[in-house]
Amino acid sequence: MSKKPNMGRQMIKIGKIDVKNHLQVTFSKRCSGLFKKPSELCRICGVEIAIIIFSHSRKAYSFGYANVESINDRFLSRNPLPIYNTSYF
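Each residue of the sequence shown is one higher than the one before, starting from 1 at the first, in the UniProt record's numbering.
List time: in silico BS3-like cross-link candidates among lysine-lysine, alpha-carbon distance up to 30 Å:
#1 Lys-59 - Lys-29
#2 Lys-37 - Lys-59
#3 Lys-37 - Lys-13
#4 Lys-13 - Lys-36
#5 Lys-29 - Lys-16
#6 Lys-16 - Lys-59
#7 Lys-59 - Lys-36
#8 Lys-59 - Lys-13
#9 Lys-20 - Lys-59
#10 Lys-36 - Lys-16
#11 Lys-29 - Lys-13
Since the hints were made in silico from the structure, they are not lab data.
Can you make the complete structure from the sequences, with help from the hints?
The following block contains the structure:
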């Protein structure tokens, strides 16, 4: 019994989507996928993550665990690392 040849996963051309309705559908699908992975990472590893996405219509979508604002504030107010003298390198 011979095996039927399998085409496998095919490469899809990536390009700009011109039809506005298709663009919105693709954005919503991709956006939910982008939020799913960080959600799993937060649940499994206990890390805090914030993601902010702006659509083509300039609407903001965000995901944050525990909270986007608190993570953003902590990131912006962090203390920079001290610079050590590395002249011996």
